[in-house]
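Protein sequences, first through last, are from chains A and B. The first sequence runs 334 to 661 under our numbering. The second sequence runs 504 to 745 under our numbering.
By construction, these hints were calculated from the structure, which means they are not laboratory data. This one's a predicted model, so the numbers in the text were calculated from it and none came from an experiment. Note that beta-carbon positions come from the ideal geometry of N, C-alpha and C, so glycine has one too. Don't take each hint at face value.
To be verified - Here are the simulated lysine-lysine pairs, DSS-like style, with alpha carbons at most 30 Å apart:
| no. | chain 1 | residue 1 | chain 2 | residue 2 |
| --- | --- | --- | --- | --- |
| 1 | B | Lys687 | A | Lys631 |
| 2 | A | Lys638 | B | Lys687 |
| 3 | A | Lys435 | A | Lys362 |
| 4 | B | Lys734 | A | Lys633 |
| 5 | B | Lys733 | A | Lys435 |
| 6 | B | Lys733 | A | Lys631 |
| 7 | B | Lys687 | A | Lys393 |
| 8 | A | Lys435 | A | Lys492 |
| 9 | A | Lys633 | B | Lys525 |
| 10 | A | Lys459 | B | Lys525 |
| 11 | A | Lys633 | B | Lys687 |
| 12 | A | Lys472 | B | Lys687 |
| 13 | B | Lys687 | A | Lys422 |
| 14 | A | Lys393 | A | Lys536 |
| 15 | A | Lys492 | A | Lys459 |
Said to hold, decoys possible - Non-contacting residues of chain A with respect to chain B, defined by C-beta distances greater than 12 Å in every case (computed):
| no. | residue |
| --- | --- |
| 16 | Gly356 |
| 17 | Ala444 |
| 18 | Pro624 |
As the list claims (entries may be wrong) - Ranges of calculated distance between the beta carbons of each label pair, as one might list FRET restraints:
| no. | chain 1 | residue 1 | chain 2 | residue 2 | range |
| --- | --- | --- | --- | --- | --- |
| 19 | B | Thr507 | A | Pro642 | 53 to 59 Å |
| 20 | B | Asp588 | A | Ile418 | 26 to 32 Å |
| 21 | A | Lys633 | B | Leu524 | 14 to 20 Å |
| 22 | A | Ser335 | B | Gly637 | 44 to 50 Å |
| 23 | B | His649 | A | Gln430 | 50 to 56 Å |
| 24 | A | Lys422 | B | Asp645 | 55 to 61 Å |
| 25 | A | Lys631 | B | Thr507 | 16 to 22 Å |
| 26 | A | Ser543 | B | Phe526 | 29 to 35 Å |
| 27 | B | Asn741 | A | Gly513 | 42 to 48 Å |
| 28 | A | Gln428 | B | Phe526 | 23 to 29 Å |
| 29 | A | Leu488 | B | Thr507 | 25 to 31 Å |
| 30 | A | Gln428 | B | His649 | 50 to 56 Å |
Now for the letters of each chain:
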Amino acid sequence: MSALITINEIYYLIGVILMLLVGMTLRDKGNPKRVTTALFWFLFGSVFLFSDLLISTLGKPMAYRIVGVIVVLISLIAGCGLLSIGTYKQRNAEQRQASANKLGNWLFLPAILIPVVTVLCTVLLKDVAIGGMYILDQKQLTLAALCVGCICAILAGWKLTGGTPLHAVRESRRLLDSIGWASVLPQMLAMLGGVFVVAQTGKSVQEIVSLFVDPHNRFMLVVIYCVGMALFTMIMGNAFAAFPVLTAGIALPFLIVGQHADPAPLVTIGMLAGYCGTLMTPMGANYNIVPAALLELKDKYLVIKTQIPTALTLLVANIFLMYFLIFR
Amino acid sequence: MTVTELLPLIGIPIVVAGFALKFNPLLVVTVAGLATGLSVGMDPGTLLETFGEKFINSRSLAVYVLILPIIGLLESYGLKERAQDWISSLASATSARILMLYFVLRQGFGALGLTYIGGQAQTVRPLLAPMVEGAAAARHGDLPQHIRDKLRAHSAACDNIAVFFGEDIFIAFGAVLLMDAFLKENGIAGIEPLHLGLWAIPTALAALAIHMFRLVRLDASIQRDVDAWKKTNASNANEVTA
């Protein structure tokens, strides 16, 4: 049975938004690298607009190969430093302050609508169908609900501020430009995780771990996974990069398969154990070193030093939370 | 354990070295992927195919693009200004109380997906750190640099910890979607991003409790630092006059 709002339509919507941003970037004379910046977002957006079309016309292997080339091009553009930030016609500080005063706390309403509508739709519209058609994509329920939430928020924002949806898209270019290449990083890391799966990297980690740990000692396995996530994140500077390797290497074989642990709390707390590592490493430069510079601290490691007590205590808390929550 | 069994790990030192040498992360990840695939004997064509397949299958990670327009719109109509006015109208007096209030708000907003409200450059430097320093100066008089630095570092730490352990509750955040994609990729079905978000709540509460406990003691620790500094200052002054 098909659905009214499917995940593919959401991807088209993302693609359309990205293409609008490409057009705006191309017309932005104030962006010193506007052509390559636009190319970057065009390549990224085309994955959303044309993947399904490519798969249906050329077949999976060829379509995947083309997207593979696109991915390499995207990383080359970013790697050669060809992305830059544009110029934006913004409302000035006085105008913003004036509307902030006028609208008051109502300004928070559209933003709060997104999670509220998402949760309500997920809970209430599960399995709901009209005329043999589900309202929301049942395979990606939360994301379809999120899309409804975003649309509600845009409509509410339009009504509240008088700024149209197109104006909203125009404003979002500033945010997307400031996130820059980092916006593609999660997908790239998921891809690297996928390559690790194919190359059976987790198996190598698994073999190393099995040399040292008794696979029946549940508590020890939890400790190894949590501390491993924190240490690995400290080395890589990013919990996202550590996650697929250690989860495939430790959590999946030993805890989920071996000990029938509940996967949802396991992976969530595992990721958060990784975040404890981010707080303790200069490799997480954006969070730890950049602020030290911004705040003109004499000791550039002072932010890390300040964070270590919370990070270590929280890592211990995560170990116990995980142990008690995954084996209920 | 043989060398061939360790070959699939080749991507890890590449990622480590790449991040350490500050190459662009997208490039580092791509090179690590290429090296891993080639080292286990995949041919380049198949490897590109794997790249494309995994990239297409993780498209859900980009749904945050849908959220940007509304945040952008609200920002242009004064969302940040409103948030700032709100904090300053609520915060009374001490450094620690301002930090606690900021922590709770930042974590709460993060849980709602509003991670763009706040941040080191946008909020901590222009707003939070000056407010925290101002509150301490109002109480203790002029402050030496090392105490100012301590307060600033606490401001930065507050922002990081609050947002790290708040944002994972929000289902459209990258980490949640990455976990979702990982589970589906490994054939574990029946878990929605919403569940993953809910399981982030216990750690969020633990982070709140642990960091609040530290902040509760911050005002007293600043007082001690100031007293110690005044004492050494006084004895230095005595030595000079003596």
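Tested hints:
| no. | hint | result |
| --- | --- | --- |
| 1 | B:Lys687 with A:Lys631 | 46 Å, violated |
| 2 | A:Lys638 with B:Lys687 | 38 Å, violated |
| 3 | A:Lys435 with A:Lys362 | 34 Å, violated |
| 4 | B:Lys734 with A:Lys633 | 27 Å, holds |
| 5 | B:Lys733 with A:Lys435 | 47 Å, violated |
| 6 | B:Lys733 with A:Lys631 | 21 Å, holds |
| 7 | B:Lys687 with A:Lys393 | 19 Å, holds |
| 8 | A:Lys435 with A:Lys492 | 14 Å, holds |
| 9 | A:Lys633 with B:Lys525 | 17 Å, holds |
| 10 | A:Lys459 with B:Lys525 | 45 Å, violated |
| 11 | A:Lys633 with B:Lys687 | 41 Å, violated |
| 12 | A:Lys472 with B:Lys687 | 11 Å, holds |
| 13 | B:Lys687 with A:Lys422 | 42 Å, violated |
| 14 | A:Lys393 with A:Lys536 | 27 Å, holds |
| 15 | A:Lys492 with A:Lys459 | 29 Å, holds |
| 16 | Gly356 | 15 Å, holds |
| 17 | Ala444 | 5 Å, violated |
| 18 | Pro624 | 4 Å, violated |
| 19 | B:Thr507 with A:Pro642: 53 to 59 Å | 43 Å, violated |
| 20 | B:Asp588 with A:Ile418: 26 to 32 Å | 28 Å, holds |
| 21 | A:Lys633 with B:Leu524: 14 to 20 Å | 18 Å, holds |
| 22 | A:Ser335 with B:Gly637: 44 to 50 Å | 59 Å, violated |
| 23 | B:His649 with A:Gln430: 50 to 56 Å | 36 Å, violated |
| 24 | A:Lys422 with B:Asp645: 55 to 61 Å | 43 Å, violated |
| 25 | A:Lys631 with B:Thr507: 16 to 22 Å | 50 Å, violated |
| 26 | A:Ser543 with B:Phe526: 29 to 35 Å | 33 Å, holds |
| 27 | B:Asn741 with A:Gly513: 42 to 48 Å | 56 Å, violated |
| 28 | A:Gln428 with B:Phe526: 23 to 29 Å | 41 Å, violated |
| 29 | A:Leu488 with B:Thr507: 25 to 31 Å | 58 Å, violated |
| 30 | A:Gln428 with B:His649: 50 to 56 Å | 41 Å, violated |
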